[in-house]
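Be aware that the sequence shown starts at 5, since it is given in this note's numbering, and climbs by one per residue.
To be clear, the hints were calculated from the coordinates, so they are not data collected in a lab. As the structure is a computational prediction, the values presented were derived from the model and not from experiment. Heads up, a few of these hints could be off.
[Claimed, not checked] The calculated DSS-like cross-link candidates involving lysine-lysine, where the alpha carbons are at most 27 Å apart (straight line), are:
#, residue 1, residue 2
1, LYS59, LYS43
2, LYS72, LYS121
3, LYS121, LYS80
4, LYS857, LYS59
5, LYS787, LYS762
6, LYS121, LYS847
7, LYS847, LYS72
8, LYS343, LYS768
9, LYS59, LYS80
10, LYS97, LYS56
11, LYS826, LYS768
12, LYS745, LYS80
13, LYS854, LYS80
14, LYS854, LYS59
15, LYS97, LYS121
16, LYS857, LYS847
17, LYS787, LYS745
18, LYS121, LYS857
19, LYS43, LYS826
20, LYS43, LYS56
21, LYS97, LYS847
22, LYS80, LYS97
23, LYS170, LYS197
24, LYS854, LYS826
25, LYS857, LYS72
26, LYS170, LYS273
27, LYS80, LYS857
28, LYS59, LYS72
29, LYS263, LYS273
30, LYS787, LYS826
31, LYS762, LYS745
32, LYS762, LYS56
33, LYS744, LYS80
34, LYS97, LYS857
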Amino acid sequence: MTTSISNSLVGLSLLTGGNGFAALGGVQKIESAAVRLAKAGFTLAPTTPPWKDAKAPPPDSAQVAAIKRLGSIIDKADASLPADVQTSFTAYKALDRLRVLAQTASAATTGSGERAKLDALFAQGLTDLQAYLGQGPSETLDLAFGIPTRRAESVSLPVPAALEVKGQGVLPARDTPIPGMTGSEQFTLTLTKPGGGAPDVVSVDLSSTPQPPTLDSVANAINAAISAIPLRNPDGSVFIDPATGQPSPRWLVRFVPDKSTNTWGFAIKNPAQEHVSIVQDNAPDAVMVAAGQTALDAPEQVRLLRFDDPANGGAQHSYGTISGYDRLGTALAQLSAPKTTAPKGVTLSQPQVFAPTSAAAMATAPDGSSYVVGTTAGELDANRPAGAQDLMLTKIDSEGRVLWQQMLGAADSASGAAVSIAANGDVVVAGTVSGAFDGAASDGDMLVARYTQDGDEQFAMLVRAIGVDQVSAIATGADGSIYVGGTAKGVGGFGSGEAVIAKLDTNGLVTARRTIDAGGGESVRALGIAADGSLLALTNETGHAVLRQIDSATLATDTASIDLGVADARTLAVAADGSIAVGGATDAALSGAQVNGLSGGRDGFVTRLSASLTGAQTSYVGSSGTDQVDSVAFLNGRLYAGGRTSGALAGASKTGATDGFVVTLDAASGGQLSASQFGRVAEQTGPVRIAAAPGGASVLGAMGLARGVLTPQDSGLLTTHTSLRAGDSFSVRLNSGAVKKITIAADDTLATLSARVKLALSGKAAITTPTVNGERLLRIEAKAGADVELIAGPQGTDALAKLGMEPQRLTVPAIAGPREPKVRPGGTFGLSLTEALSIGTAKDAAIALKVVKDAISVSQTAYRSLYWDDSKAALAEAGSGGGRGPSPYQQAQLARYQDALTRISGITGIL
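Starting from the given sequences, assemble the full structure and let the hints guide the process.
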């Protein structure tokens, strides 16, 4: 029997475009034109990759020791090698070192101390590798640290509200009576033109409007009062509109019921961008509170509250929190989370991690807004810390809503300590800075920063001194002078320290400085301005609480002083009549008259004195536990104290492990009028910072409004909305050309920054500032054939990181023509790494190890893409014929032919 296989082989050849007879051992396959064209592009001389090194690697312990001796895990390959080979070899060697670190850290035998050191090396290694890949040599190969992309986007910034301001939605229906309003409320509105000029003050009395009050009735009353003010000619006569023959209104702002969300509130239409503020007449006073709150196994956050008319049992409002967001910690938690498939229609929540955030002080401005200064190790809105932690400043309205947040932008470490409101409404803060700041090196210096009401920085100045200074207090005088105080220690922070006070002028320049050395350890705990303009300094002097009255001109002379005894005094306040209050904690009775007795153990105390530092009278705030007063404030005949207790105050009940409290005292007698205690189950309440808010207990919140300015002129400065500082920088490079540096200016906006980046990239990238989800961002997008490198600036002043962008290469391959090969050397590969990876625990190290091993495999694949192999021939064939491969029908035929040939070969023995 004779079997012919020729037709089968011919059929297979016709379908594949190759020579089917090549299957017959001695016959060579004839390459198609597509394969020959593609193969001709692979011209690199053969190289030996490091993973094929015949020499066995040393044990991991020896490799770890070697890595510790390196300045960086980046060991650049031989510069004589082709550029793409250099990059793939360098990346592989760096990844292999990261693998060794992760593998060692994942071992159960590795101690926590050693693992922490390895984690630091690993984190720095990731940073170094990311920076290298962002600008490593490249011709045809692009190796991305994360996911390859053609686009980079910055953090999102708020879009300034120009012609319309939205209040908060609060009511389910437009005609719902506004809860908490009696209909007898009176309001005062102040209107000012953007360019200045005489303001108008408008009174609105709801008693003459339809009852009960609704959004429409209140809007109609306000709009009628505003419209009644006519526009006037320069001679003072009323301007008559020629078209209508009627007087024209001077003010164009209008209040309109609005349902932008699922609930109703107000929208303020403001076509002329007029300045509008509102207060409720004769509203009760309130106390604003910023208190530390720490849950089990969670970092501290700042809780915001408001106590309305505390002496008369008013309402307690609990608002949100100020929490620094740990972006990298969140990413790591999501990597570590078990993979779960959500049921249909269900969206599973993702883990979120927050960073420690604390409040050091609080102050309320005359317009009803409040400022909280403190420290955070996380991100706040678009602010990203450059170092371990940063000074933060948050402005909230009278209803506890965040208006803006600022971060100092220090390169290494900064902490916030105190805040004061200047006579012109500016906010002045004090903090401590360590490390580089604005081009200067600090070993620990006091800092003073001044901001406008809109958050624009006026200045930020270090109060330089030899040794370590730590700030704790600030005060501003009526003439604009700034006083800052704290503790001065020797070089390296050694010694018990001396109390130090510095005076600065309105521009932040130091004009006087004084140290107080009583022979032991001294520190300034609080500062204030006395009724006669002198400076009050509360100091701790060898454990004694001492209050000094100092000549504010030169700081050289004490005009009066009093030693209150052994106590931990930490806060002071000055009343409108000049009387003074000092608060803190004590284990024993203090000097002077006693309003009540100690409760036993450690009690909080409030001591009242006359303006001349005489007539001391002390009130104790105590329970069966440990008690302390953190802050005090005078307001309209009342004296308020905020603090903490581990027990239960008289008339109050305990909720958490440690609760906060606000106690009301009679400012004249010192007698306790009320005590409000607050906390959360199984949580610790930290320091309680209070600020008095005159008329703060208004009904404006019930309408979705807030006391004070309703139409703020939002800043557009990048330095206001991010942690960027003038002088921060990053660089860009186009197609391996010259590196061009971009330096942040103090007056930069998204528009000005995008214009400079566009100029630097010569129009080869699309630079836009689109609005996404109501916020605006900077977008850099490479165009076809362009290679855009984003290069990080110096550590601590890296504008790229503060903008929320990573050092990387943005690339879009050139579009291949119809006659060009479909398979070419190189390409774009992503290592899928993230700076969130950590090896700080054995579990995290195991996750990092898997990710790094996958990245190593990708780096090897990227190298192989530079050289021709048989797999590329199949791709070239599939890409021939206008980019179309065999159809599914043809592929099925190929499979049947191959199966037939296999069976035939078994019969004939030919194949």
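Taking the earlier hints as the rules, which of them does this structure contradict?
When the structure is compared with the hints, numbers 1, 8, 24, 32 turn out to be violated.
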